[in-house]
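*Asks:* Top to bottom, those sequences are chains A and B.
Heads up: the first sequence at position 219 corresponds to 219 in our numbering, and the numbers run straight through without jumps.
Converting from the second sequence to our numbering requires adding 1000 to each position, the first position being numbered 1.
Hints may be right or wrong, so weigh each one.
To be verified - Coverage of chain A stretches by chain B, computed from C-beta distances (three or more under 8 Å per stretch; other residues unrestricted): (1) 71-79; (2) 89-96; (3) 114-120; (4) 203-210; (5) 226-240; (6) 272-281.
Claimed, not checked - Far from chain A, by Cβ distances over 10 Å, these chain B residues were calculated: (7) 1062; (8) 1152; (9) 1180.
Claimed, not checked - Coverage of chain B stretches by chain A, computed from C-beta distances (three or more under 8 Å per stretch; other residues unrestricted): (10) 1136-1145; (11) 1155-1166.
Please keep in mind that the hints were generated in silico from the structure rather than gathered at the bench.
Heads up, the beta-carbon is just placed ideally off N, CA and C, and yes, glycines get one too.
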Amino acid sequence: MDESKRSFLKRAAGLLAASGLVAGGAKRADAVEPPDVAPSMKAPGAGMSEYGSPAKYEVKVTRTGIRSQPGTTGSGASRAPLESLDGMLTPSGLHFERHHSGVPDIDPATHRLLIHGLVKRPLIFSVNALLRYPMVSRIHFLECSGNSQVLYQPAPPNLTAGQTHGLVSCSEWTGVPLRLLLEEAGVDRGAPWILAEGADAAAMSRSIPMAKAMDDAILALFQNGERLRPENGYPVRLFLPGWEGNMSVKWLRRLKVVSAPIMTKDETSRYTDLQSDGKSLMFTYPMEVKSVITRPSHGMTLAGAGLHQISGIAWSGNGTITKVEVSTDSGRTWVDAPLVAPVLPRALTRFRLPWKWDGAATVLKSRATDDTGAVQPERAKFIAEHGNNAVFHFHGIQAWSVATSGEVKHVYA
Amino acid sequence: MSTRDLLRVTLALVLAGCASAGATRGGMEGPNLGREATPAQIAGWDISVGPDGAGLPAGRGTPAAGATVYEQKCQVCHGAKGAGQPNDRLVGGQGTLASKTPVRTIGSYWPYATTVFDYVRRSMPYIQPHSLSNDEVYAVTAYLLHLNGIIGESDEMNAQALPKVKMPNQSNFIVVYPSRGK
Chain A
1 MDESKRSFLK RAAGLLAASG LVAGGAKRAD AVEPPDVAPS MKAPGAGMSE YGSPAKYEVK
61 VTRTGIRSQP GTTGSGASRA PLESLDGMLT PSGLHFERHH SGVPDIDPAT HRLLIHGLVK
121 RPLIFSVNAL LRYPMVSRIH FLECSGNSQV LYQPAPPNLT AGQTHGLVSC SEWTGVPLRL
181 LLEEAGVDRG APWILAEGAD AAAMSRSIPM AKAMDDAILA LFQNGERLRP ENGYPVRLFL
241 PGWEGNMSVK WLRRLKVVSA PIMTKDETSR YTDLQSDGKS LMFTYPMEVK SVITRPSHGM
301 TLAGAGLHQI SGIAWSGNGT ITKVEVSTDS GRTWVDAPLV APVLPRALTR FRLPWKWDGA
361 ATVLKSRATD DTGAVQPERA KFIAEHGNNA VFHFHGIQAW SVATSGEVKH VYA
Chain B
1001 MSTRDLLRVT LALVLAGCAS AGATRGGMEG PNLGREATPA QIAGWDISVG PDGAGLPAGR
1061 GTPAAGATVY EQKCQVCHGA KGAGQPNDRL VGGQGTLASK TPVRTIGSYW PYATTVFDYV
1121 RRSMPYIQPH SLSNDEVYAV TAYLLHLNGI IGESDEMNAQ ALPKVKMPNQ SNFIVVYPSR
1181 GK
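Starting from the given sequences, assemble the full structure and let the hints guide the process.
*Replies:* Okay, here's the thing in structure tokens:
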């Protein structure tokens, strides 16, 4: 290809991109054929780096839907861009955030964890001491109970999959089984509750049932192989597999064994689920069975009829995903989508399904089932049961409409 | 097997034996590295207050004293008399919970009065938590309870009085643990 032709193509591609006619980066790249020997082959590339970062062409893949209470920057949430991710793990830098008073700067040298209350020996642990304990590693999702809250609204929000469902992420968490430390402190086995408190400016606190603490609770020190990120609780956080995210108290500084729940602000005023009769459900801990198709999803445009790949995630705080059904005909028929191994309890489970689109308008849906037999409900059924005011624990079926133009949009169907 | 081989195998077994001598069953035994905490340390760290009043410190405050604290330290974010804006509304909303537009405040929603003390002491005012005295926290708690019509205008709040305050919405909470999840 001669030089002038090449630069014309380059200009044309640039114009197309600028005019917004092509949405995806992949299409834009496809407009220009590379030379037989790519420039990257003609000179040595960049050197090593101390801490790697994503390709510069992916800079737009960031946390999304960042919102904070008026006048604050750290009393709110940011969401994982689910529509740009694949597989079961969430990169630590894109893991969703939910803070009640910002991300504290904590020097591990001066951080301590106090265990007291109904114990024989109240104990203080340094972070260095915790690092010498036996550890377990587990892959689990973490989901804010306010995830998909906008779907309580009467009209479908004009938002991407990440913006509606991105308060869920999945990591490998490594840390000390909480049971070990409670036993060392001589915990009163009959004491039913433990207050967990963070060292942030909200001193975030929740009452945790002893049964969960002694079962699978972890004092997490590592996330995806490296020490916790500050926004995920550095230097140490509580991690309660499958339960609503805010109970996995970050920046953990204190555990008090008590005989009754403390009734903190975040288990009374917040994180209780107001029903339409004015009553509220309290202590709604496990996150229910749920799924969402991440590709194609709202904001994308299918490049034409033919074979496409549907990809999505499913999870349940009550166990393991056993089935994800997908409908490509507005819920008339459903097929089982293959689950991608490993399928782990209380972890995001990827499903993928090839789909031959005939070019007609339709609606895509996914419906998850877990090993307790629980099935993700249709949105209309869920709202009929819980009303529009519950704020938390929405887990109804998500629908995406596909127009003949290929445009994908959020619908209630 | 030659003598040399036999020696080699024996040596390997002895070495393996040494390596495992200090190992514990399944590796799940803690090294006991916690330092014993003193009562003074615990008293300084423990800021939680239960609904029975356990953990409430000495001190007292009235709605009148609380009005002054509120106007100086809270009003800029929670509005005059707790009406809200720019941040959460703290007063009113009674009778709205079953409507299409429920207003959840201390008065209409919160099940325990002790939570107001616990929460304000641990995290408010937002930009300067842990800056109020216990008397000031009692006072602003009394002020917010009075604005919501829950206590009288001269009722003093202290460690004895606060846990006795009955919140109007308390009986509308249904505890679903452990029935709905374990």
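*Asks:* Each hint needs a verdict: does it hold in this structure or not?
*Replies:* To see whether the hints hold, each was checked on the structure:
For the region 71-79 of chain A, the stated coverage by chain B is satisfied: 3 residues place a CB nearer than 8 Å to a CB of that chain, which reaches the threshold of 3. Beta-carbon proximity to chain B at under 8 Å applies to 0 residues in the region 89-96 of chain A; the threshold of 3 is not reached and the given coverage is violated. With 3 residues having a beta carbon nearer than 8 Å to a beta carbon of chain B, the region 114-120 of chain A meets the requirement of three or more and the stated coverage holds. Here the region 203-210 of chain A counts 3 residues with a CB under 8 Å from a CB of chain B, which clears the bar of 3, and the coverage holds.
For the region 226-240 of chain A, the assignment as covered by chain B is violated, since 0 residues bring a beta-carbon within under 8 Å of that chain's beta-carbons and 3 are needed. For the region 272-281 of chain A, the assignment as covered by chain B holds, since 8 residues bring a beta-carbon within under 8 Å of that chain's beta-carbons and 3 suffice. Non-interface status of residue 1062 (chain B) relative to chain A is upheld: no Cβ of that chain comes within 10 Å, the nearest being about 23 Å off. Annotated as non-interface, residue 1152 (chain B) keeps its C-beta farther than 10 Å from every C-beta of chain A; the closest such distance is 24 Å.
Chain A draws residue 1180 (chain B) into its interface by the beta-carbon criterion, the shortest separation being 7 Å against a cut-off of 10 Å. Against chain A, the region 1136-1145 of chain B contributes 0 residues with a C-beta closer than 8 Å to a partner C-beta. That does not satisfy the three-residue criterion, and the hint is violated. Closer than 8 Å: that is the beta-carbon criterion, and the region 1155-1166 of chain B has 0 residues meeting it against chain A, so the requirement of 3 is violated.
The structure does not agree with the numbered hints 2, 5, 9, 10, 11 stated previously, though it agrees with the rest.
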